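Just so you know, the sequences run in chain order A, B, C and D. Per our numbering, the first sequence runs over residues 656 to 962. Per our numbering, the second sequence runs over residues 656 to 962. Per our numbering, the third sequence runs over residues 656 to 962. Per our numbering, the fourth sequence runs over residues 656 to 962.
Hint data in this document are derived by calculation from the structure and do not stem from the laboratory. These figures come from a predicted structure and were not determined experimentally. Every residue, glycine too, gets a C-beta built ideally from N, C-alpha and C. A portion of the hints provided could be inaccurate.
[As the list claims (entries may be wrong)] Stretch by stretch, here's where chain D covers chain B in the computed footprint (C-beta under 8 Å, at least three residues): (1) 770-781; (2) 902-913.
[Unchecked claim] The list that follows gives simulated cross-link-like pairs (lysine to any residue, SDA-like), each with its CA atoms no further than 25 Å apart: (3) D/K881 <-> C/L893; (4) C/K670 <-> B/A828; (5) A/K657 <-> A/P748; (6) C/K670 <-> B/P748.
Read off the chains here:
Number of protein chains: 4
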Amino acid sequence: MKDSAVLLIDCPDRKGLVARVSSLLYERGANILHADQHQDHDLGLFFMRVEWALAGTAENQAGPEQSPAGLAMGQGTKPERFDLEGFRAAFAPLAAELGMRWKLTSSGRLPRVALFCSQYLHCMADLLHRWRTGELLCEIPIIVSNHRDVEKLAAFYGIPFEHVEVTADRRGAAQARHLELLLSHGVDLVVLARYMQILSPAFVARYPAAIINVHHSFLPAFTGAKPYHAAHARGVKLIGATSHYVTDLLDDGPIIEQDVARISHRDQVEDLVARGRDLERIVLSRAVRWHLDRRILCYGNKTVVFD
Amino acid sequence: MKDSAVLLIDCPDRKGLVARVSSLLYERGANILHADQHQDHDLGLFFMRVEWALAGTAENQAGPEQSPAGLAMGQGTKPERFDLEGFRAAFAPLAAELGMRWKLTSSGRLPRVALFCSQYLHCMADLLHRWRTGELLCEIPIIVSNHRDVEKLAAFYGIPFEHVEVTADRRGAAQARHLELLLSHGVDLVVLARYMQILSPAFVARYPAAIINVHHSFLPAFTGAKPYHAAHARGVKLIGATSHYVTDLLDDGPIIEQDVARISHRDQVEDLVARGRDLERIVLSRAVRWHLDRRILCYGNKTVVFD
Amino acid sequence: MKDSAVLLIDCPDRKGLVARVSSLLYERGANILHADQHQDHDLGLFFMRVEWALAGTAENQAGPEQSPAGLAMGQGTKPERFDLEGFRAAFAPLAAELGMRWKLTSSGRLPRVALFCSQYLHCMADLLHRWRTGELLCEIPIIVSNHRDVEKLAAFYGIPFEHVEVTADRRGAAQARHLELLLSHGVDLVVLARYMQILSPAFVARYPAAIINVHHSFLPAFTGAKPYHAAHARGVKLIGATSHYVTDLLDDGPIIEQDVARISHRDQVEDLVARGRDLERIVLSRAVRWHLDRRILCYGNKTVVFD
Amino acid sequence: MKDSAVLLIDCPDRKGLVARVSSLLYERGANILHADQHQDHDLGLFFMRVEWALAGTAENQAGPEQSPAGLAMGQGTKPERFDLEGFRAAFAPLAAELGMRWKLTSSGRLPRVALFCSQYLHCMADLLHRWRTGELLCEIPIIVSNHRDVEKLAAFYGIPFEHVEVTADRRGAAQARHLELLLSHGVDLVVLARYMQILSPAFVARYPAAIINVHHSFLPAFTGAKPYHAAHARGVKLIGATSHYVTDLLDDGPIIEQDVARISHRDQVEDLVARGRDLERIVLSRAVRWHLDRRILCYGNKTVVFD
């Protein structure tokens with residue numbers, strides 16, 4: 656199990672951002688495991704992800720006498736663990752000065768994920784198996800569906816299942832029940848694993864960049880219903896799937912991942928559906944893993960996915 | 656160099672089509688090199704491609720005294736070459752009876768291809784190199800452009816170049832000149848190698864399923880102008896290119912081939928343009944090769960590409 | 656559910672094979688759904704797969720009074736179903752005359768598949784989910800493992816589980832038990848879903864072209880143990896997985912399917928292992944599906960996979 | 656045209672490396688365009704690539720009074736251009752202290768590239784077209800071949816051509832001539848664009864990590880001669896191509912890029928050769944571009960390719 660902290664930053668680009676962040680981390684004895692940054696030169700934006708170990712951070716701690724480049728401050732007290740809250744307190748004023756939006760998390764607390772599905776269970780079965788084998792580091796306090804097909808699978812993995820029927824006349828009640836469930840379970844991330852109902856604007860607004868959906872086409876081609884039928888009718892030679900964050904506009908949120916598979920004139924709609932299931936599993940599970948690994952930053956209608 | 660004939664068929668599906676076509680070929684001593692068929696069960700259509708050798712067809716040749724189905728063991732007359740015109744005459748009534756559209760061609764006559772381009776020459780350079788090395792079996796009697804950039808390249812490959820300016824006030828004259836050139840050079844296939852002007856309806860009508868274009872997106876996403884800019888703005892994770900037959904509707908003809916490449920948040924529009932050039936070269940050259948190999952059948956707005 | 660028959664043929668190539676097979680099918684009123692053939696011109700071999708419907712075969716049925724090649728227009732007896740055993744009897748002498756190896760099966764009898772695994776369950780979980788959802792048309796009478804990890808998963812899907820320990824001193828007993836299980840359950844196909852033990856030569860000999868394994872590399876690179884470690888050490892930029900029939904030579908049987916994924920210098924061995932799991936699932940499940948759909952013919956050390 | 660500097664570093668990993676390098680750049684007013692780093696945790700190695708603009712670097716220059724994080728030193732003299740030689744002098748002692756191997760280059764001087772080929776010209780034609788269109792930023796002072804086929808192509812692009820025959824009895828003379836040509840033309844990088852002769856150890860030793868070859872297989876599978884024949888014989892379902900730096904061991908140098916294409920049982924050796932040409936062009940041109948963009952670091956027998 657990892658024992659690390661991750662800092663995600665986005666802010667207006669200016670000189671010295673890497674220097675100032677990395678110097679502060681160095682002063683505090685951080686043993687950096689991964690660091691990556693990105694600049695959008697057109698928009699003048701800067702993005703950064705740094706991950707460092709929380710244990711055993713002492714040995715190279717810089718003393719004040721050391722560096723002509725001014726990497727001073729630390730007192731070399733060789734603590735056993737990185738002082739995360741101390742860093743947070745020290746970083747806040749720097750972030751404020753530089754106009755940063757930032758998020759500091761540690762692997763000590765697992766994100767809490769709610770899984771939604773309808774009748775097709777291939778993505779759900781895939782996510783649950785990956786979770787069981789440790790590929791997805793999170794807690795799954797609840798599985799929600801407007802059908803009962805997933806109930807046995809949920810039981811097999813020992814996850815509470817909640818059936819929330821969504822019909823025309825009780826849509827409001829269902830949406831209220833959804834929000835109630837998410838709040839009562841302290842959910843951080845909602846994953847729509849082929850959930851075929853539209854979410855309410857209130858739901859979406861409550862979880863900005865925290866609802867991941869999979870759409871069974873290569874967006875922006877074939878938005879809306881029955882994309883495999885539309886792909887077949889158009890005679891495309893590749894089909895795709897797309898995972899994205901959900902926004903108010905259907906099938907229009909920031910794209911996280913896409914993949915495609917080759918098809919031919921021999922493939923009927925049902926072949927596309929079958930081929931597509933593999934794509935859906937892969938693009939959705941990657942999106943969830945990257946989100947849980949805190950690799951994704953959203954800006955405008957796009958994502959930065961640090962690798 | 657190949658020495659073969661190809662028969663392409665499409666017709667309403669019914670029983671016995673393969674049996675009847677293959678039996679006739681067998682009677683006439685054809686040594687089949689490749690045969691493939693396809694059925695569209697939804698539309699009730701049948702498609703077939705058969706290729707056979709023209710030389711050395713003797714040993715099982717059926718004699719005229721044999722059964723009409725000709726499946727007996729031959730003591731045949733062992734001619735040197737397959738009698739293509741005799742087969743054509745024998746096949747015509749069968750085709751008429753079964754409601755077939757068909758096309759019988761031999762490698763003896765190379766198709767004549769006109770290449771059009773504007774200022775970007777990567778597809779043109781690629782096609783010409785493939786042609787020179789024998790990958791594209793055709794004659795190229797003419798290269799046409801509304802710019803002069805391609806002139807030296809045309810000269811290097813020894814192909815006549817024709818500059819046809821296309822401006823708002825002389826569009827009609829240009830279109831007339833295009834048709835005149837194609838007719839005078841006996842052109843069978845027009846390849847638009849990043850030719851950035853709209854063709855006239857008369858031009859398109861004159862060459863049904865015989866004008867191949869490359870569009871620099873994964874159609875039907877990002878039709879129209881500047882697809883790489885649109886892809887960048889949407890934040891997709893894969894870009895694509897599409898080769899298709901030209902119809903009256905812009906970017907809407909039957910798709911022949913598509914391919915994609917992975918991009919990331921690091922890629923700016925100019926990176927997409929550069930990555931895309933490789934995709935464009937590949938999907939266009941494949942489409943041209945398959946067309947020349949008579950592997951493609953169009954129906955509705957789709958293609959069957961026999962492999 | 657499909658209701659069809661499949662005929663697989665391989666034999667020395669000669670003229671008229673397609674004509675003779677398709678004519679016999681036509682005479683007997685077969686409504687062909689798919690037909691494909693392949694010739695290996697170097698080796699002079701012919702391969703064919705034909706699939707036809709078993710129900711509703713009446714309208715063009717040829718009567719017995721017609722020519723042996725049966726290409727006349729039928730006034731047939733319009734039976735409800737295709738007479739499969741009658742066809743078998745009629746085809747046998749033709750096959751003998753033409754030196755064919757052939758296999759005629761119908762969808763009426765589901766193949767019986769034994770699944771083997773060790774401790775890694777990703778392929779097993781994937782296959783079982785695909786089976787449950789109808790993607791793999793077979794019966795699974797038994798799951799065998801040298802570990803107990805799979806036991807709960809087997810129970811969830813309602814499949815008998817058999818734990819057969821394989822240790823140095825009881826290898827012989829284990830191998831005997833394996834064969835006993837397969838024979839008593841009438842197993843047609845054995846799938847090694849990351850089963851990490853070597854099979855006995857007797858086992859392999861008993862199931863020619865009927866044991867499918869997945870190897871976690873792009874064969875023939877990185878045969879043997881720990882291929883992801885070897886790939887990492889070599890610094891490759893793509894990793895792969897391969898499904899193949901098992902023969903006496905380790906990792907050397909006929910390849911059925913391969914796929915690759917891009918990696919980078921950032922990926923450590925554990926990342927390769929995780930990425931590879933997706934490849935393994937996909938290449939193994941495709942191989943099993945194609946085998947069950949009777950799309951595969953082996954010859955020499957290769958496969959023909961009809962699409 | 657870019658106007659930038661690139662610093663490539665590799666050294667033993669330790670804390671504060673990013674902080675110290677980025678702080679020095681910040682002090683000196685560098686406007687960083689891209690920065691990337693990588694750590695090999697197993698080997699304890701650190702790799703970094705930073706690219707910054709050389710023009711217009713003044714406005715955010717840090718003064719000594721500015722930063723609590725100690726980003727001092729600079730005198731805020733707001734020069735028009737980044738002082739590259741000043742930076743070099745300031746960086747050298749830091750690099751020495753931290754045990755760094757490093758390379759500082761600017762876009763002001765184009766690398767000088769020699770292209771070698773034999774009879775197959777697809778890679779050569781591709782590289783020259785990319786060079787002409789500005790995709791490859793370099794000078795090409797010389798094209799060398801043991802055949803004359805490339806002569807006209809070289810003339811078309813205005814590049815001096817040198818025919819150096821390599822036969823068994825004059826191999827030594829040829830190798831001497833090669834080195835003489837490279838030295839007299841001040842060559843920085845040698846690209847073997849399907850050059851089919853073995854280079855001498857002296858040649859290889861003279862250009863460490865500066866000779867790029869393309870091998871027409873997915874290494875380490877099918878090393879040596881005739882890899883497409885070997886791939887066909889083995890019955891693989893994907894073929895590949897690999898670009899790599901040349902070392903003394905044949906086909907064993909650090910891999911830069913690989914790609915694959917799907918094939919089927921229908922593809923004969925000549926089809927593999929044709930499909931492979933596209934792969935070869937792509938993996939070789941990428942490798943050359945990345946090398947010219949100074950994105951590649953070699954260590955052990957591997958490459959880090961910064962993206």
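Verification of the supplied hints:
1. 770-781: holds (count 4)
2. 902-913: The restraint on the stretch 902-913 of chain B is violated, since only 0 of its residues have a Cβ under 8 Å from chain D and three are required.
3. D/K881 <-> C/L893: holds (22 Å)
4. C/K670 <-> B/A828: Violated: C/K670 and B/A828 sit about 55 Å apart, past 25 Å.
5. A/K657 <-> A/P748: violated (28 Å)
6. C/K670 <-> B/P748: holds (23 Å)
The structure does not agree with the numbered hints 2, 4 and 5 stated previously, though it agrees with the rest.
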